[in-house]
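Chain A is already provided as a structure; the job is to place chains B, C and D with the ligands on it using the hints.
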Amino acid sequence: MTTTDFVETRRESVRSMVFRFQSLFGLVAVFIAAIVFSPSRNGELLFLTSDNLFNVVRAVSEIGIIAVGMTFVILIGGIDLSVGAMLGLAAVGSAVLLVENDFGLIPTVLIVLAVGLAFGLLQGVASALFSIQAFIVTLAGLQIARGLARIWSGGQGVAIAYGDGPGEAPVAFSLLGERTFNGLVPIPALIFVVVAVLAILFLRGTAFSRHVYAIGGNEKAARLSGVPVTRVKIIVFGICGLLAALAGIIHAGQLNQGSPNDGLGYELDAIAAVVVGGTSLAGGRGSVVGTVAGALLLGVLNNILALNSVDTNVQLLIKGLVIVVAAGLQRLRPS
Amino acid sequence: MTTTDFVETRRESVRSMVFRFQSLFGLVAVFIAAIVFSPSRNGELLFLTSDNLFNVVRAVSEIGIIAVGMTFVILIGGIDLSVGAMLGLAAVGSAVLLVENDFGLIPTVLIVLAVGLAFGLLQGVASALFSIQAFIVTLAGLQIARGLARIWSGGQGVAIAYGDGPGEAPVAFSLLGERTFNGLVPIPALIFVVVAVLAILFLRGTAFSRHVYAIGGNEKAARLSGVPVTRVKIIVFGICGLLAALAGIIHAGQLNQGSPNDGLGYELDAIAAVVVGGTSLAGGRGSVVGTVAGALLLGVLNNILALNSVDTNVQLLIKGLVIVVAAGLQRLRPS
Amino acid sequence: MDNGVASLVGLVRISKSYGGVRACRDVDFTVRAGEVHALLGENGAGKSTLMRVLSGDLTDHTGTITVGGKPIRFHGPADAQRAGIAMIHQELDLVPGLSVAENIFLGREPRTPLRTLDRRAMLRETRNLLRRTGIDLDPRRQVGELRTGEQQLVSIAKALSLDAKVLIMDEPTSALSSAEVDRMFTVIAELRRSGAGIVYISHRMDEIGRIADRATVLRNGAVVAEFDARDMTADQAAEAMIGRPVRAMFTTHETADAGEKLLEVTDLVVPRSRPGRRDPAGVSLTVRRGEIVGLAGLLGSGRTELLETLFGAGDRWQGSVTFKGRALRPRGPRSAIRRGVVYMPEDRRISGLALDHSVLANTVLSIVDRIARFGVVSRRRETGEATRIVRELSVKLASVRDPVSTLSGGNQQKIVLGRMLLTDPDLLLLDEPTRGVDVGAKAEIYQLLGQAAQRGMGVLLASSELAELVGVCDRVIVLRGGRNVAELQTAQAGEADLLAASMGEVVPL
Amino acid sequence: TTSENRPGGPAPSTPCKGADGKYVIGMSQANVAEPYRQRMDDDIRAAAKSVPQFEVRFTDAQQDNSRQVSDVENFLTQQIDLLIISPNEATPLTGVVKKAFDKGIPVIVLDRKVEGDAYTTWIGADNVEIGRQAGKYVAEQLLPNGGKIAEIRGLAGSTPAKERGDGFREAIRGRNIEIAVSQDGDWLREKGQEKADAILKSNPDISVIYAHNDPMAEGAYLAARATGRQDALKFIGIDGLPIPSGGLKAVEAGRLSATLIYPTAGKEAIESARKILVDCQQVPKTQTLQTQLITKENAAQVYAKENPGG
Ligand SMILES: Nc1ncnc2c1ncn2[C@@H]1O[C@H](COP(=O)(O)OP(=O)(O)OP(=O)(O)O)[C@@H](O)[C@H]1O
Ligand SMILES: Nc1ncnc2c1ncn2[C@@H]1O[C@H](COP(=O)(O)OP(=O)(O)OP(=O)(O)O)[C@@H](O)[C@H]1O
Ligand SMILES: O[C@@H]1[C@@H](O)[C@H](O)OC[C@H]1O
Ligand SMILES: [Mg+2]
Ligand SMILES: [Mg+2]
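Protein chains in written order, with this note's numbering: chain A, 2 to 336; chain B, 2 to 336; chain C, 1319 to 1827; chain D, -5 to 304.
The shape of chain A in the complex, shown without the other chains (with noise of 0.2 Å):
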């Protein structure tokens, strides 16, 4: 190896980093956008307030821990339409069992988690081992999802009233739905956060990680190596459904309901944050943090577009052209 080659290896490095970080210039952008168009009141840029700073992290939190799992699931090259179904049996099942069933606070997250993690593993299962289509496998499982939601809520919301007397749920669980912490940050984003940065560094610092990506990449050459294929895709699955769940008790938290109708239509705002962060449905390719920057510009765009009172019809025809715009960057890779 010549020098020059070094050389040459050093200025790569440089390109791949640009690119590496790309996911985060839409962001940038879409972020100095909102500022300069953020309308303005005694000279305060109402964007650029703490509450409404927080609002957009709190609105994003849900889709954003979604659009996490999400992200496992794509890197396998597969796909998860169940989550929104899934959201609303979780916020369903959360105020069924601390309403209806006084199962106290532990319990009812224990459970719901639970519940998500199966229907995920099970949903692995039937793509992995039998190998149907991802697709396919959670177009049934929204549907059976929303099925068994209905079922469970009696087919309405289910109100949750605060107490310590049967038939009311642990106050501690309306947190979720307050700004707490330190008074301003509120609980989903915090939980957003976390869950983001346990995400990240598993996905840059475990094996499983590894085995993850070449799956997504080669799924055969990741098998002839020896990666446990069919285990780590019904694991992806189940970590998708698990992360589900999670949004569905903070939707329940948040809302203080859980209706069988909750997180109707999510999976494609998912899906959306996933993809404009830079990952590829191809499978193989993309990052947690990418998501995380899809989800929060999609979140900013959202809330500089509500600040400016845009009609909504307008804001659909900007919503779509700035997510193709975004994924159209994405595909501009070093070569």
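Some hints could be false.
Ranges between beta-carbon positions, derived for each pair [as the list claims (entries may be wrong)]: (1) ARG232/B / GLY1561/C: 31 to 41 Å; (2) ARG1657/C / ALA283/A: 29 to 39 Å; (3) GLU45/A / GLY110/D: 23 to 33 Å; (4) PHE131/A / GLY1702/C: 34 to 44 Å; (5) THR207/A / GLY1693/C: 48 to 58 Å; (6) VAL195/B / THR207/A: 50 to 60 Å; (7) ASP1500/C / ALA115/A: 56 to 66 Å; (8) ASP96/D / ILE33/A: 27 to 37 Å; (9) GLY44/B / LYS221/A: 56 to 66 Å; (10) LYS221/A / ARG1429/C: 44 to 54 Å; (11) VAL1564/C / ARG232/A: 44 to 54 Å; (12) LYS221/B / SER1712/C: 21 to 31 Å; (13) TYR163/A / GLY44/B: 54 to 64 Å.
FYI, nobody ran anything at the bench for these hints, they're computed from the structure. Every value quoted in this text rests on a predicted model; they were computed, and no experiment measured them. Don't be surprised by glycine CBs; every beta carbon is placed ideally from N, CA and C.
Okay, now just chains B, C and D with the ligands, sitting in the frame of chain A:
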């Protein structure tokens, strides 16, 4: 090449015949189940009355037409999430042009079809020319089409009144919603059949269709073999948009109204029909015959569940399971 | 044949079928410590299948595998690896999105005491490994960015890193040029010395002579001969493989010396391709009708790049190209094919074939719109065309309706060639056309190229096999660093001259 | 809670700046997929035109509670002067409505309710009464001799759905009328059609379909028409919107036998807003609006009255 080779060939093709018609087995199975579970009245099986059977076809005609277009897109390895929204846009367009602009039947139909075609072509350009993933392009397309439909309709359903006066649509348009053609066959069903037959012939015999399959099978190889990949892809998205618009026109005719929310979620139903019909989401493998069978299968299933007044929530569970099982059966292929 | 040395592993009466096709029939096979055991056979003879059984990749076989004399049952590649058996697969099986190091350690990543990934150890060990094997690669580079040949080196390094007792190499050198092959052979020799057993599959007969100790020949899935490789001649081996005496490998074709100039390339440069490359001169060459011109060079010398550019499938370029007297600025493969230029890519699986699709569909793909009337393809006509070309190239198959994936490697290669020839081209651009092709089929392909030249086509043939270049071509142009550095007349020059010119030792321009 | 015994007037720090003030009003709509709600927005828009001090901003929560919470939060960031909300569901929106109210922002709740009383005023119609009138019409006019009917209900869990069902049952009690099937149509025409389609198959012997709103009734009509049974059946709905695709026209055209006016309260909401912000007056905590039975006899006339433009 020895004679044994040819014997083998024949044996092979019996096997592959069996697999070719695999997509019909599911339909036959569900059909038989429908007969078995059909409620009867005065000794007549309600499911088998010609009235009911034509109803089934009418009920699947919109999804069926969309699914035919979706088959093309999926065959090239793409996906089109915008079809439901396109249906809504076309329904709104039909109503507005007929009622508010007094455009007359033929101009209205032509304009709406042109809008669908153009929208599809644009998505094709974004996906093929700028190589942005179809999932994301059409996810954005979904939002944009919905936004346009809302703006065009002023946000609410536009009712279609019939007559010769201003603000009234030609009575001929209402035929779409009536049962005519010898008083038995519903017109939408007829259109569906025509579309399906044309598509089947088209996908069997034309050079274009070979290109479609080749792109789905191995895009790079297709390109290197001189297949005009970009052009074919764009046209395919155009076809899909056109058919979604056609379905939208029928929708408006059947409901005497065009509403911007029409077609909500139809994309997933159409994809389900395609996949249950044995077309691989990976592209390059599948048929319109399969899609028609898939659409009918889901239609018969809906019908028999309704005839038996199965609880809607339980229906969701059953449909989810049937989709998984049907997709699972599809993957049994000659190894 | 057993001369007392203990077998590391053994295969006893192994059979394996794919649907109706019996790929292996009652095969017995052993690998001893410290030997290189060559496995020979035509394309489709069952070599890869047999080795995939041994490496735990295929588990639905009959017969017994023994390790150290004891029968064992593998449930997957991981089991075989645990038993000390590693395999380099014929079709490169790497993960493009992962780095060289990550690929090498995939499935057995080093971990820190906290059970997290030990990146540092991974990089360090990869560096050591690459140094030991003389492979010149940055362990952090993404494998997807590497050229085919480099990827093959990574596969080799990966297999070596397993420190296997038994190493199976299924055509490990098919994309390597002789310099890299030499380096690989040094490594193999070292391994053998340390007591490992190596199974070596290759269609490059010269390699077998150089490194093999023993050779087993398969035909139609069954063992038909075993040789002591050191005193086996190439003709003996070839005859055992094909089942009849071999014809001459290279047939000379009449070169129409005065053939008109078909292609003229002047100072063609592809600037974007590698940052930091400074070769302002670029490539200049001519191809006349009736001529077969070879392209020689080392890994990354620019052969593939040149062919892709001429076909309109490459990056932006500068320079001038004249074809049939007019400027050639192909906008893409389609327009190139229209003008009579066809291209056979280096990697048939990735770039050449829709493997799931039928032989028929793959064969006629380039001409479907030509044989269509009003856009409708006549089934009779397309079957006719496909059958004709498949016969002409003597492709071994049961039915043109079978998926192309069920054909052996060499026959798949012929399908790509057949598709090209059906378009009735003037200029054939071939990139390693006999990669992975057996001796018999090679001879047939060479003959076909000769016939094509005789019919007035021009052929530009890039190859890493020097024997092939010398045997088939009229002239060979040597590329280095993206420019032509030498041109040799094969009537006068030999393999050694080519190698020297490729490495930059002599520049006999 | 703090707001327990407060009268339904303006919240503590009075936002009333009189006629010289400029006021931004946030209108948080649950969705505009239902024509009724689109009409509500339109009525608000039209009424606000005549109050020059008002600027109204609209949001559409698209049937998503979370989105509606965010919508209101964003209004709070924008520091609106008054909130009008038609909540998607009661419980989930209660918190954020209370938050606005506690900040001193007057809150006008329309149609569906929120829990507790942390709002300034609720305006809507008496849905139990509407249900009762529908039942009475069926019992007296359509099925004087009794019979079997089907019910297509609004979104499960929404107050109007429950109340319209209860009132109806109350009115038909003891009249030999059997509700043979009852299905949720989620207020949507498409759903109404889908459900009616199934109902007609499984219960061929029903003679009236009672839908909780006009779009679902129209959907049911279309389902019947597709099987050629539209004339054998009677359909009634609720809403009676004075728009071309609304229930008044449907009754006039004979597709529906009857509908009941469900006022959108848009005009009244702006009226209350004006009282609170401009006139510095109190408004009653609950404002119940009147309904009216519409049949073929009075449909055209009411349409003309409600919609003088055309
Ligand atoms: N996946 C498969 N499905 C069906 N048939 C297969 C499959 N893989 C291989 N075959 C068939 O099995 C036989 C043996 O193939 P195999 O790949 O082992 O040959 P090979 O000796 O390695 O040939 P080559 O030199 O071309 O690599 C051939 O007839 C081939 O067509
Ligand atoms: N290590 C590398 N990194 C990046 N680009 C490379 C590298 N090696 C080669 N290339 C690019 O490819 C060009 C030539 O490679 P090409 O594949 O055409 O050569 P080749 O002679 O066909 O070698 P190969 O045996 O790899 O097929 C180089 O000029 C350079 O642009
Ligand atoms: O149609 C109305 C519906 O849109 C609203 O949500 O609830 C009341 C109904 O009358
Ligand atoms: Mg092989
Ligand atoms: Mg090359």
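Hints and how they fare:
no.: 1; hint: ARG232/B / GLY1561/C: 31 to 41 Å; result: 48 Å, violated
no.: 2; hint: ARG1657/C / ALA283/A: 29 to 39 Å; result: 33 Å, holds
no.: 3; hint: GLU45/A / GLY110/D: 23 to 33 Å; result: 32 Å, holds
no.: 4; hint: PHE131/A / GLY1702/C: 34 to 44 Å; result: 41 Å, holds
no.: 5; hint: THR207/A / GLY1693/C: 48 to 58 Å; result: 54 Å, holds
no.: 6; hint: VAL195/B / THR207/A: 50 to 60 Å; result: 56 Å, holds
no.: 7; hint: ASP1500/C / ALA115/A: 56 to 66 Å; result: 60 Å, holds
no.: 8; hint: ASP96/D / ILE33/A: 27 to 37 Å; result: 34 Å, holds
no.: 9; hint: GLY44/B / LYS221/A: 56 to 66 Å; result: 58 Å, holds
no.: 10; hint: LYS221/A / ARG1429/C: 44 to 54 Å; result: 25 Å, violated
no.: 11; hint: VAL1564/C / ARG232/A: 44 to 54 Å; result: 49 Å, holds
no.: 12; hint: LYS221/B / SER1712/C: 21 to 31 Å; result: 27 Å, holds
no.: 13; hint: TYR163/A / GLY44/B: 54 to 64 Å; result: 59 Å, holds
Checked against the numbered hints given earlier, this structure breaks hints 1 and 10; the rest are met.
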